[in-house]
Amino acid sequence: MSGGETSWRTSRKLDQWIAFWSVPFFFTLFGLVFVPLSWMMPPRSPQNSTPHIVDFMQSHNLLIACVILTLAYGLAPVSNACYLIQVKRMSVSPAFRYSMMIGAVTGAIVGMLFPMFCFGLGAFRPGYSSAVLTMLYDFGYLAFIGSLGCFCVMWMAFGLAIILDENRILPKWLGYYTVWQYVTELMAAPVWIAKSGPFAWNGLMTFWFAMILYVSWQFLVYICIYRAIKNQLEAELDNAWADLRPTVAPAKSSA
Amino acid sequence: MTDVARGSTPQVDKPVRAEARGQVPGDSSMWFFVIGDLLIFGGYFVGYMYYRGRNHELFLAGQAQLNLDIGTVNTIVLLTSSLFVALGTAAARVGNRAESLRRFWMALAFGAAFPILKLFEWIPEISRGLTPGKDLFFMYYYVMTGLHLCHVALGLVVICFIIRNVKESVAPKISFVETGATYWHMVDVLWLVLFALLYLMR
Amino acid sequence: MTALIRNPLTIVWALLTTVTIASSLIALDGGASHHINTTVTTAVLLIAAVKTFLVIWHFMEVRRAPLWLKATTSGWVLALFALLLTFYFASL
Numbered sequence: 026m027s028g029g030e031t032s033w034r035t036s037r038k039l040d041q042w043i044a045f046w047s048v049p050f051f052f053t054l055f056g057l058v059f060v061p062l063s064w065m066m067p068p069r070s071p072q073n074s075t076p077h078i079v080d081f082m083q084s085h086n087l088l089i090a091c092v093i094l095t096l097a098y099g100l101a102p103v104s105n106a107c108y109l110i111q112v113k114r115m116s117v118s119p120a121f122r123y124s125m126m127i128g129a130v131t132g133a134i135v136g137m138l139f140p141m142f143c144f145g146l147g148a149f150r151p152g153y154s155s156a157v158l159t160m161l162y163d164f165g166y167l168a169f170i171g172s173l174g175c176f177c178v179m180w181m182a183f184g185l186a187i188i189l190d191e192n193r194i195l196p197k198w199l200g201y202y203t204v205w206q207y208v209t210e211l212m213a214a215p216v217w218i219a220k221s222g223p224f225a226w227n228g229l230m231t232f233w234f235a236m237i238l239y240v241s242w243q244f245l246v247y248i249c250i251y252r253a254i255k256n257q258l259e260a261e262l263d264n265a266w267a268d269l270r271p272t273v274a275p276a277k278s279s280a
Numbered sequence: 057m058t059d060v061a062r063g064s065t066p067q068v069d070k071p072v073r074a075e076a077r078g079q080v081p082g083d084s085s086m087w088f089f090v091i092g093d094l095l096i097f098g099g100y101f102v103g104y105m106y107y108r109g110r111n112h113e114l115f116l117a118g119q120a121q122l123n124l125d126i127g128t129v130n131t132i133v134l135l136t137s138s139l140f141v142a143l144g145t146a147a148a149r150v151g152n153r154a155e156s157l158r159r160f161w162m163a164l165a166f167g168a169a170f171p172i173l174k175l176f177e178w179i180p181e182i183s184r185g186l187t188p189g190k191d192l193f194f195m196y197y198y199v200m201t202g203l204h205l206c207h208v209a210l211g212l213v214v215i216c217f218i219i220r221n222v223k224e225s226v227a228p229k230i231s232f233v234e235t236g237a238t239y240w241h242m243v244d245v246l247w248l249v250l251f252a253l254l255y256l257m258r
Numbered sequence: 077m078t079a080l081i082r083n084p085l086t087i088v089w090a091l092l093t094t095v096t097i098a099s100s101l102i103a104l105d106g107g108a109s110h111h112i113n114t115t116v117t118t119a120v121l122l123i124a125a126v127k128t129f130l131v132i133w134h135f136m137e138v139r140r141a142p143l144w145l146k147a148t149t150s151g152w153v154l155a156l157f158a159l160l161l162t163f164y165f166a167s168l
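Each protein sequence line maps, in turn, to chains F, B and D. Following the numbering used here, the numbering of the first sequence begins with 26 at its first residue and continues without gaps. Following the numbering used here, the numbering of the second sequence begins with 57 at its first residue and continues without gaps. Following the numbering used here, the numbering of the third sequence begins with 77 at its first residue and continues without gaps.
These are calculated hints, taken from the structure and not from any lab test. Cβ atoms here follow ideal geometry from the backbone N, Cα and C, with glycine treated the same way. Possibly wrong hints are sitting among the right ones.
Claimed, not checked - Below 25 Å or equal to it, Euclidean Cα-Cα: the simulated SDA-like pairs (lysine to any residue) are:
(1) B/190 x D/167
(2) B/174 x F/218
(3) B/229 x F/118
Said to hold, decoys possible - Far from chain B, some chain F residues (derived; all Cβ distances over 10 Å):
(4) 61
(5) 70
(6) 263
Stated by the list, open to error - Per label pair, the in silico range of CB-to-CB distance:
(7) D/87 x F/138: 55 to 63 Å
(8) F/239 x B/172: 32 to 40 Å
(9) F/106 x D/166: 43 to 51 Å
(10) F/43 x B/179: 50 to 58 Å
(11) F/150 x B/168: 53 to 61 Å
(12) F/34 x B/213: 42 to 50 Å
(13) B/124 x F/189: 38 to 46 Å
(14) D/154 x F/131: 39 to 47 Å
(15) F/96 x B/124: 53 to 61 Å
(16) D/80 x F/220: 48 to 56 Å
The whole structure should be built from the sequences, with the hints applied where relevant.
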């Protein structure tokens, strides 16, 4: 282990590690929320009948899912922060990390917050007419799957930053893999038009292929970020100026 | 997967005898991208064929409306552009910068013709009501060729950077030239398949 | 100029262009485009397979590349067109 840390508690990278470990927690939680809890994922069909939609929007499970979503949504910025700390070390222009940051922020608002509101309204507020619930259902799924612009910018910025980086903080192939995320965002555009078939929001081309790419990317970026944090020299940390370590090396071994 | 770190070596280009190389041309990470892109598009192509199999009449009817002439010309245009990129790379390798530059300008000219011809294809089609929303065939047509067009646009930018590199430095970075060339040829390969699937097959 | 014309790359290009035109003619000869035609489809797909292989082999210089790259790219061409033809015939 480079950097000479003795225990994780006195590690100068503790902030990064906390942010890092929040990521699987966050994604597992979301996995639970979206899949077995509410069956929001894989996406329900855009062509579901109205009674079906109403049932789903007012289901008990969706209610629990929305509660968790509301409470845990704030973890999204933390995982992005984890990536951005590493991007900051790259030799590329700061324009990349600012684009990435704003892209991630706006993307999360549209891609996660809006669906949360839509499905939350259905779950928390009984009494809406079925027409309204249908609109919220469409709104929620379209916002979740069809919101591309912000994420396009984020992926492109992240991917290009990695590819052009001369400090080789993250491996170049990961940069290309990230550019593929951008491609899958573009492929999501047809969901606004197609209500069935491979280009609908639950379609082979727009959802399933994209999921395969996205999930694999998430694992890979995770491993690469771990290595990047681990290999980062302590002297180069952002908070290196504030020496938080005790002046005497701890005599007792850590518990 | 080759170690990417080797791919981004500092650019001290020894004039390597072309036959002696056992390594991939250009950056190995670009080959990672190429192979991956081929696999991803491969998935899309097979998906197209699957859905086509369930909608033969619809797809055939749609194909009848495509402009086979422009499609064919565009295929030849891209092949020619690829030729000049390959020739330009060869010239750069032996140090003939002037010839290499000429060839890359030709490559750029032919490459730039592709999106222009595409416009001549798409605009009349859209005015005739053949939009992505019309049916599944046209959705596939616009999405796949649109995605490919984005690749072409990116490739043209890459060629411009290659031209700048060859023009402005006394010892052009051959690895960079090769990397860009590899990308461009991939774009060509993808179109060859698209052309057969969208325009030709019955 | 003659050196350019006799360059192996140019010869490959000439071949590619010729078969491109040939396959377009085949597609046109397939008659009215409203009918399934297995002969035309098989022909144009096989031609496309050959074209992609030639571009990969010669333009992308895979013929001088290490074995793993030769295998991967050739494998891709083979697998893709095998799958395409399989799905096509299975759907008839």
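Each hint, compared with the structure:
A hinted pair counts as satisfied when its Cα atoms are at most 25 Å apart, and residue 190 of chain B with residue 167 of chain D qualifies at roughly 23 Å. Distance restraint check for residue 174 of chain B and residue 218 of chain F: the Cα-Cα separation of roughly 22 Å lies within the 25 Å cut-off, and the hinted pair is therefore satisfied. The straight-line distance between the Cα atoms of residue 229 of chain B and residue 118 of chain F is roughly 22 Å, inside the 25 Å bound, and the hint therefore holds. Consistency note on residue 61 of chain F: stated as away from chain B, and its beta-carbon is indeed over 10 Å from all of that chain's, at 27 Å minimum.
Every CB of chain B is more than 10 Å from the CB of residue 70 of chain F (nearest about 16 Å), matching its label as outside the interface. At roughly 25 Å, the least C-beta separation between residue 263 of chain F and chain B is larger than 10 Å, which holds for a residue marked as non-interface. Separation of residue 87 of chain D from residue 138 of chain F is about 59 Å and conforms to the stated range, judged on CB atoms against 55 to 63 Å. A hinted range of 32 to 40 Å for the beta carbons of residue 239 of chain F and residue 172 of chain B is consistent with their spacing of about 34 Å.
One distance hint, 43 to 51 Å for the beta-carbon pair residue 106 of chain F and residue 166 of chain D, holds here, with the actual separation near 49 Å. A hinted range of 50 to 58 Å holds for the C-beta pair residue 43 of chain F and residue 179 of chain B, which are about 54 Å apart. A hinted range of 53 to 61 Å for the beta carbons of residue 150 of chain F and residue 168 of chain B is consistent with their spacing of about 55 Å. Roughly 49 Å separates the CB atoms of residue 34 of chain F and residue 213 of chain B, a value that falls within the hinted 42 to 50 Å.
One distance hint, 38 to 46 Å for the beta-carbon pair residue 124 of chain B and residue 189 of chain F, holds here, with the actual separation near 40 Å. For the hinted restraint 39 to 47 Å between residue 154 of chain D and residue 131 of chain F, the CB-CB distance of approximately 44 Å keeps it satisfied. In this structure, residue 96 of chain F and residue 124 of chain B meet the distance hint of 53 to 61 Å, their C-beta atoms being roughly 58 Å apart. Restraint check, residue 80 of chain D to residue 220 of chain F: a C-beta distance of roughly 54 Å satisfies the suggested window 48 to 56 Å.
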